[in-house]
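Chemist: Read off the chains here:
There are 4 protein chains.
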Amino acid sequence: MDFEYSDLCKDYLGRVRAFMDAHVYPNEKTYHDQLASFGENRWQVIPIIEELKAKAKAEGLWNLFLPDSDQGAGLSNQDYAPLAEEMGRVGWASEVFNCSAPDTGNMEVLVRYGSPEQQAEWLPRLLAGEIRSAFLMTEPAVASSDATNIECSIVRDGDEYVINGRKWWSSGAGDPRCKMYIVMGKSDPTAETHKQQSMILVPADAEGITIERHLPVFGYDDAPHGHMEIKLNNVRVPASNMLLGEGRGFEIAQGRLGPGRIHHCMRTIGAAERALELLVKRAMSREAFGKPVIKHSIWEHRIAKARIDIEMTRLLTLKAAWMMDTVGNKQARGEIAMIKVAAPRVALEVIDNAIQAHGGGGVSNDFPLAYSYAGIRTLRLADGPDEVHERTISRLEAKRWLNDLG
Amino acid sequence: MDFEYSDLCKDYLGRVRAFMDAHVYPNEKTYHDQLASFGENRWQVIPIIEELKAKAKAEGLWNLFLPDSDQGAGLSNQDYAPLAEEMGRVGWASEVFNCSAPDTGNMEVLVRYGSPEQQAEWLPRLLAGEIRSAFLMTEPAVASSDATNIECSIVRDGDEYVINGRKWWSSGAGDPRCKMYIVMGKSDPTAETHKQQSMILVPADAEGITIERHLPVFGYDDAPHGHMEIKLNNVRVPASNMLLGEGRGFEIAQGRLGPGRIHHCMRTIGAAERALELLVKRAMSREAFGKPVIKHSIWEHRIAKARIDIEMTRLLTLKAAWMMDTVGNKQARGEIAMIKVAAPRVALEVIDNAIQAHGGGGVSNDFPLAYSYAGIRTLRLADGPDEVHERTISRLEAKRWLNDLG
Amino acid sequence: MDFEYSDLCKDYLGRVRAFMDAHVYPNEKTYHDQLASFGENRWQVIPIIEELKAKAKAEGLWNLFLPDSDQGAGLSNQDYAPLAEEMGRVGWASEVFNCSAPDTGNMEVLVRYGSPEQQAEWLPRLLAGEIRSAFLMTEPAVASSDATNIECSIVRDGDEYVINGRKWWSSGAGDPRCKMYIVMGKSDPTAETHKQQSMILVPADAEGITIERHLPVFGYDDAPHGHMEIKLNNVRVPASNMLLGEGRGFEIAQGRLGPGRIHHCMRTIGAAERALELLVKRAMSREAFGKPVIKHSIWEHRIAKARIDIEMTRLLTLKAAWMMDTVGNKQARGEIAMIKVAAPRVALEVIDNAIQAHGGGGVSNDFPLAYSYAGIRTLRLADGPDEVHERTISRLEAKRWLNDLG
Amino acid sequence: MDFEYSDLCKDYLGRVRAFMDAHVYPNEKTYHDQLASFGENRWQVIPIIEELKAKAKAEGLWNLFLPDSDQGAGLSNQDYAPLAEEMGRVGWASEVFNCSAPDTGNMEVLVRYGSPEQQAEWLPRLLAGEIRSAFLMTEPAVASSDATNIECSIVRDGDEYVINGRKWWSSGAGDPRCKMYIVMGKSDPTAETHKQQSMILVPADAEGITIERHLPVFGYDDAPHGHMEIKLNNVRVPASNMLLGEGRGFEIAQGRLGPGRIHHCMRTIGAAERALELLVKRAMSREAFGKPVIKHSIWEHRIAKARIDIEMTRLLTLKAAWMMDTVGNKQARGEIAMIKVAAPRVALEVIDNAIQAHGGGGVSNDFPLAYSYAGIRTLRLADGPDEVHERTISRLEAKRWLNDLG
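Chains as they are written, first to last, in my numbering: chain A, 10 to 415; chain B, 10 to 415; chain C, 10 to 415; chain D, 10 to 415.
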């Protein structure tokens with residue numbers, strides 16, 4: 010359990026940091042200005058993103074997330090963790106390195122579970138950052154805390170599958186470059202609980218697909234990425250689009266969500282670090298009642314708690330990554346569940362305190378805090394709400410003592 | 010300390026509730042649709058508001074907030090509390106009854122501290138709901154936790170005052186109907202700490218005023234109300250616009266903020282009640298792991314805590330209102346500070362849990378929860394951040410034992 | 010809902026306070042010294058208690074707790090609340106006024122549910138403070154969070170009942186003056202859930218009773234009161250000792266526990282007030298880093314939170330008392346459950362902060378804080394753990410919306 | 010930053026665990042029974058301790074704590090961490106391995122700062138476990154949160170030093186085997202802040218020393234170890250007893266407290282693990298409302314939070330140990346401060362929840378929970394209260410950005 014960053018990791022980390030300093034932080038305003046300049050036509054590609062993607066690709070800072078694959082950069086989960094943290098300091102930075110969700114997860118699915126034909130059709134353009142993709146899992150009508158509730162149907166009809174259902178929180182589907190969906194549905198509602206689901210590839214322009222609306226997060230639309238509600242009405246795709254085989258959707262989901270969750274956690278820690286930096290700087294530069302805010306003990310308390318919590322969460326995330334690398338995602342599921350619960354909890358508290366330290370500026374867009382809060386608040390719900398992960402963790406604890414209790 | 014609602018209060022409460030049922034809840038969607046229909050031109054009056062204002066006025070549900078004045082409805086603070094709570098269940102409802110901030114506070118200032126000429130110029134149209142007003146106090150450059158930091162200058166020059174400064178979070182100044190500002194500034198930086206400030210009336214169309222931008226709250230622009238950043242550059246107004254006299258701004262602020270804070274708290278409790286109602290209904294109607302969510306003990310715990318906290322906060326708010334009515338705002342300052350801290354704290358936790366219970370819907374605009382969270386989060390900063398009120402409360406505690414300790 | 014103290018209440022409150030000032034606070038050390046002087050023979054009557062009881066009785070400060078009965082002082086629950094709070098400031102003070110648990114609850118049971126013969130046998134000596142009693146309900150072998158788990162059996166045999174079982178946390182049974190137990194058991198395990206239980210009067214010296222040991226609370230034995238584990242082995246009592254009738258034990262428990270819980274809450278608020286007083290005085294009198302501790306903002310924050318929480322809890326307790334007086338204990342069960350959860354939660358946090366402010370002294374017996382913490386910690390378990398009351402509150406919330414949801 | 014346990018560590022860990030299983034857990038009752046059998050004469054050596062010490066010594070499980078010294082077992086801080094955690098699962102276990110506070114800290118002081126003569130006089134018997142020692146630092150009269158407040162005086166008089174002062178919380182001084190004190194006092198109150206203090210060796214039987222009383226912790230006397238209040242009245246010791254030189258007391262304290270704090274944290278984590286084990290087993294074996302308590306989601310939530318928090322705290326403690334080993338105690342002071350705050354906070358919450366799960370048993374001595382809670386609560390005060398460590402951490406954060414802010 011060596012958490013020292015490897016030489017490979019350190020090399021990349023130095024380069025990612027340099028890139029962030031040179032190209033990302035200085036363009037935070039550019040990003041928002043370009044988006045604002047679109048007026049109402051917000052669902053279009055933001056030029057600075059494409060510009061920086063080209064630069065990052067040229068510098069070899071590209072597809073850093075894909076372990077155990079020739080198509081990645083050869084970094085383990087543990088190597089990637091500090092890089093993802095660094096990217097997470099700015100909401101849109103990970104896309105610049107082609108390391109943003111949900112594309113990373115979708116690429117992993119194709120690499121791990123896709124047939125050669127499926128890979129050939131989609132992977133090259135995804136890996137090149139030319140197209141985007143979405144992952145259609147959550148549904149508005151049922152409690153997503155229980156994955157067996159899914160209602161979308163995937164029915165075989167000759168050489169095709171017919172898909173009917175309604176999905177929402179399909180993140181990234183608002184992007185004009187988004188060309189492919191991975192859809193989770195039920196192919197056999199009568200099978201045993203975890204064999205009912207299948208995953209299938211669906212072109213975004215297939216007939217029967219309607220993007221009904223975008224869902225804002227607090228008041229943010231996250232354009233052009235977006236979180237969409239999508240209706241699938243008798244959507245037909247070739248049978249060869251089925252991933253891995255009927256009834257294996259749950260298995261793929263488990264395989265996909267592990268890395269996805271840890272990436273989110275890494276970025277969340279980066280966001281927390283950024284918030285703490287802003288908090289501390291603000292508290293150093295403002296005076297109240299005759300001394301700098303940072304010398305008031307209530308702020309000493311909050312800053313110390315933030316530092317402690319961030320340090321601890323980072324270490325646990327590194328441990329989860331190390332376990333994924335060494336004993337596999339399945340064995341690491343307890344640790345993954347833990348950081349899935351811990352990272353947003355910690356980050357939200359840090360950011361909330363940073364908002365408090367910034368006064369009115371904190372809730373506005375003059376600082377990235379309110380936006381960061383909103384985005385990270387969704388992580389307590391996405392990929393399974395806290396309550397489901399806590400259930401998992403509690404059950405693993407119980408297992409440890411089953412023998413003792415006879 | 011009788012918290013039983015008076016007959017007068019009960020009568021109004023019944024009518025406000027009936028009005029909410031008949032006209033407000035059914036039009037929540039209308040409000041958003043009308044606003045959405047404006048496209049980018051969001052800073053205009055929303056028709057349903059004007060329509061409902063006419064109805065409310067016709068029913069005598071109008072200006073309910075003004076105690077001890079012929080121009081109000083003859084309700085005490087305690088009588089008004091349950092009405093404000095009821096209105097607070099929907100973000101925009103209080104304006105329908107001409108009971109919305111910052112106009113209520115500004116009308117109070119005019120009634121309590123305005124000269125007959127000042128009253129004649131502004132009060133009738135404000136009381137009629139024809140125009141809106143703003144209160145320009147907070148500044149971007151200094152820590153608002155310490156009121157003595159204000160930098161805006163108000164300098165006498167012959168028969169005029171010349172105002173220079175930069176204000177932000179001037180709520181309501183985005184509204185095209187907003188015609189008047191009450192501006193807080195320093196008329197004598199060399200005077201003793203609490204005699205440096207003055208308040209002065211400034212027409213919104215005075216030369217030298219620039220509304221530089223609006224400040225969003227967690228992505229919400231609150232159009233057409235808005236929270237504006239305003240530059241005052243050599244703005245000249247007649248000397249007669251000075252309120253109460255030079256150096257009395259702090260005194261007016263103290264008088265104004267008490268009622269303003271309690272109104273916010275009352276509405277905040279209403280928002281918390283609404284969130285709890287939504288939480289409970291959601292938890293009753295969704296299943297997870299074989300039984301309704303509400304039967305899972307983690308939700309029993311959260312619902313019980315919400316109910317307890319709301320009950321307690323309402324009682325403390327009623328006590329503060331009762332003290333304002335019986336011993337005056339100054340004597341009630343401890344209780345006002347307490348609810349100013351307690352109400353947002355309680356409401357934010359309830360709303361956050363309601364969001365969690367609603368899954369993805371909770372952070373979106375399908376429910377009023379995320380918007381409510383954002384708005385109430387600002388109350389931990391507005392009218393003095395938590396830390397300042399806690400300081401006040403702590404000092405009052407210390408006073409109780411000064412004699413004991415010699 | 011008038012929370013103003015009645016004239017009767019004010020009169021008693023003044024006298025109780027005067028008594029506390031004159032006789033209780035000055036004897037806190039006496040109490041501990043006398044107990045310490047017993048050496049190992051701690052289970053004996055502490056002289057100062059008997060001495061002060063005589064004084065209190067002589068001043069008419071006696072049996073203040075019994076509403077709606079000629080045998081009490083004619084005080085309502087609401088009148089009694091501030092008196093109980095006052096007594097709660099010192100752990101042993103309520104006994105001085107013959108207002109201490111579990112005797113108060115047991116006397117209530119006899120007054121409300123006892124036959125004339127049962128009353129004649131026990132009430133006079135209890136009301137006179139000559140004997141003490143205990144309430145045998147909780148059992149070591151089963152989860153007390155679910156009252157239907159009780160295993161103690163009460164079986165009719167001719168003119169007698171035979172009782173077998175094991176009880177613990179029988180508070181007060183350590184006192185040599187304790188002469189009577191009210192025992193809860195099952196008379197018919199086959200009846201419907203809430204008709205299985207009965208309550209029966211058992212003389213403490215009945216054959217078959219063994220006090221097996223005392224249970225400390227943290228490291229405190231609470232001698233001579235004590236919390237005992239008691240074995241009942243074929244204990245026989247006359248059939249006439251049955252209270253109210255077979256199968257009515259649950260009904261009596263519900264009737265008994267309401268007032269018992271509110272008394273505990275009132276005293277708990279008194280303990281919290283005492284802790285806050287000690288905290289503030291300490292923070293005023295010690296310096297750290299160049300200024301009094303109370304001027305450090307972390308302590309302003311903690312003191313303010315304590316004041317807010319105490320005020321709110323007191324108001325909710327007064328409301329619960331008022332409801333018990335006006336609509337009855339059954340209708341007030343939601344409010345009783347709320348304060349049962351809220352009061353210990355609030356008090357424990359205040360006391361814990363007071364401990365922190367006192368440094369090493371706080372965890373020792375130099376101040377009443379650690380002892381108070383230990384005692385109040387048991388209230389989150391006694392008379393139903395938090396989780397059960399939260400369940401009750403959550404269910405009441407659900408009931409409010411049942412019709413809406415069809 | 011390799012947190013994998015070294016082979017040496019693993020070997021010791023296996024042996025310590027085996028020892029705990031074979032000799033400590035089975036004798037937890039013995040310990041309490043032997044202590045109870047002393048009656049009032051509790052301040053004597055408990056036989057089972059001496060018996061097990063002999064066994065542990067024979068097995069080479071002895072003085073495991075002393076890094077970088079021939080007199081220890083050759084274990085680094087990181088190697089020692091898991092061993093201390095294991096010992097911390099039972100309150101008295103570390104003494105069995107001669108690894109208990111304050112002797113460990115005192116031995117470190119002698120090894121690092123003692124003269125050959127000082128070492129020769131005290132070290133052999135301490136290392137052999139023949140005698141015990143105490144550390145006299147905290148004083149009852151001043152705020153210990155600010156170390157410069159110390160009032161005890163150490164004045165040179167010819168070949169001697171004369172010591173006058175009052176100390177309390179001198180842990181271990183109750184033990185009849187306790188023969189030596191390290192006393193912190195001021196030798197020059199006029200020197201610069203951190204040069205005023207000195208540390209000096211004082212035989213426990215020196216004239217002028219009075220052990221005035223023992224201080225209980227939440228009712229526990231911790232006999233025979235004890236926390237004593239000690240008066241030093243013109244106590245004279247040879248000048249050669251001065252450690253390191255006049256004015257170097259603060260320097261030694263800094264050197265001593267680092268390892269002391271981390272040892273406490275390691276043991277605290279062990280106590281938290283034990284509490285979680287007890288909690289989980291209890292929740293598995295009790296039923297409420299028709300299913301095992303562990304399947305109620307409120308307990309899933311609490312168990313999950315406990316597991317997450319413990320994992321994170323352990324990792325941070327390992328990091329602190331690793332830093333002490335690699336860059337030294339001074340460079341690790343931020344991390345040491347962090348775990349000093351974090352470990353008790355986490356453990357207290359876990360233990361409190363375990364108490365709640367155990368019902369009445371939890372607050373009694375049937376389980377080690379209440380005792381563990383009491384002991385760990387003192388750690389938020391001992392060796393500097395939380396507030397002081399938070400101040401340290403906050404200042405380190407500020408330092409990081411000093412250059413940025415010019």
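Worth flagging that the hints you see were computed from the coordinates, not collected in a lab.
Keep in mind that a hint or two might mislead.
Identical chains share a label here; the pair holds if one copy fits it or two copies do between them.
[Stated by the list, open to error] Cut-off 20 Å, straight-line C-alpha distance, at most; resulting in silico cross-link-like pairs (EDC-like, lysine to aspartate or glutamate):
#, residue 1, residue 2
1, Lys-62, Glu-126
2, Lys-38, Asp-230
3, Lys-408, Glu-286
4, Lys-300, Glu-13
5, Lys-64, Asp-361
6, Lys-304, Asp-413
7, Lys-408, Glu-296
8, Lys-64, Glu-260
9, Lys-38, Glu-221
10, Lys-408, Glu-282
11, Lys-38, Glu-60
12, Lys-304, Asp-16
13, Lys-188, Glu-59
14, Lys-290, Asp-375
15, Lys-339, Asp-79
16, Lys-19, Asp-361
17, Lys-408, Glu-126
18, Lys-300, Asp-155
19, Lys-62, Asp-413
20, Lys-339, Asp-197
21, Lys-64, Asp-166
22, Lys-290, Asp-155
23, Lys-300, Asp-375
24, Lys-240, Glu-49
Chemist: Against this structure, judge whether each hint is valid.
Modeler: Verification of the supplied hints:
1. Lys-62 - Glu-126: Classified as neither: same-chain Cα gap 27 Å, cross-chain 64 Å, threshold 20 Å.
2. Lys-38 - Asp-230: both (18 Å within a copy, 19 Å between copies)
3. Lys-408 - Glu-286: between (41 Å within a copy, 11 Å between copies)
4. Lys-300 - Glu-13: neither (39 Å within a copy, 43 Å between copies)
5. Lys-64 - Asp-361: neither (34 Å within a copy, 40 Å between copies)
6. Lys-304 - Asp-413: between (52 Å within a copy, 18 Å between copies)
7. Lys-408 - Glu-296: Between copies only: 17 Å across chains, 53 Å inside a chain, cut-off 20 Å.
8. Lys-64 - Glu-260: Neither way: Lys-64 and Glu-260 sit 37 Å apart in one copy and 52 Å across, limit 20 Å.
9. Lys-38 - Glu-221: between (31 Å within a copy, 17 Å between copies)
10. Lys-408 - Glu-282: Result: close only across copies, 15 Å inter versus 35 Å intra.
11. Lys-38 - Glu-60: within (15 Å within a copy, 41 Å between copies)
12. Lys-304 - Asp-16: neither (39 Å within a copy, 45 Å between copies)
13. Lys-188 - Glu-59: within (17 Å within a copy, 45 Å between copies)
14. Lys-290 - Asp-375: Classified as within; 15 Å inside a copy, 37 Å across copies.
15. Lys-339 - Asp-79: neither (22 Å within a copy, 44 Å between copies)
16. Lys-19 - Asp-361: The answer is neither: 31 Å in one copy and 39 Å across copies each exceed 20 Å.
17. Lys-408 - Glu-126: neither (42 Å within a copy, 56 Å between copies)
18. Lys-300 - Asp-155: Between. Shortest inter-copy distance 11 Å satisfies the 20 Å Cα cut-off; intra-copy 52 Å does not.
19. Lys-62 - Asp-413: neither (56 Å within a copy, 29 Å between copies)
20. Lys-339 - Asp-197: neither (25 Å within a copy, 51 Å between copies)
21. Lys-64 - Asp-166: neither (46 Å within a copy, 58 Å between copies)
22. Lys-290 - Asp-155: Between copies only: 18 Å across, 43 Å inside.
23. Lys-300 - Asp-375: neither (25 Å within a copy, 36 Å between copies)
24. Lys-240 - Glu-49: For Lys-240 and Glu-49, the Cα distance exceeds 20 Å both inside one copy (24 Å) and across copies (27 Å).
Consistency note: the structure conflicts with the earlier hints numbered 1, 4, 5, 8, 12, 15, 16, 17, 19, 20, 21, 23, 24.
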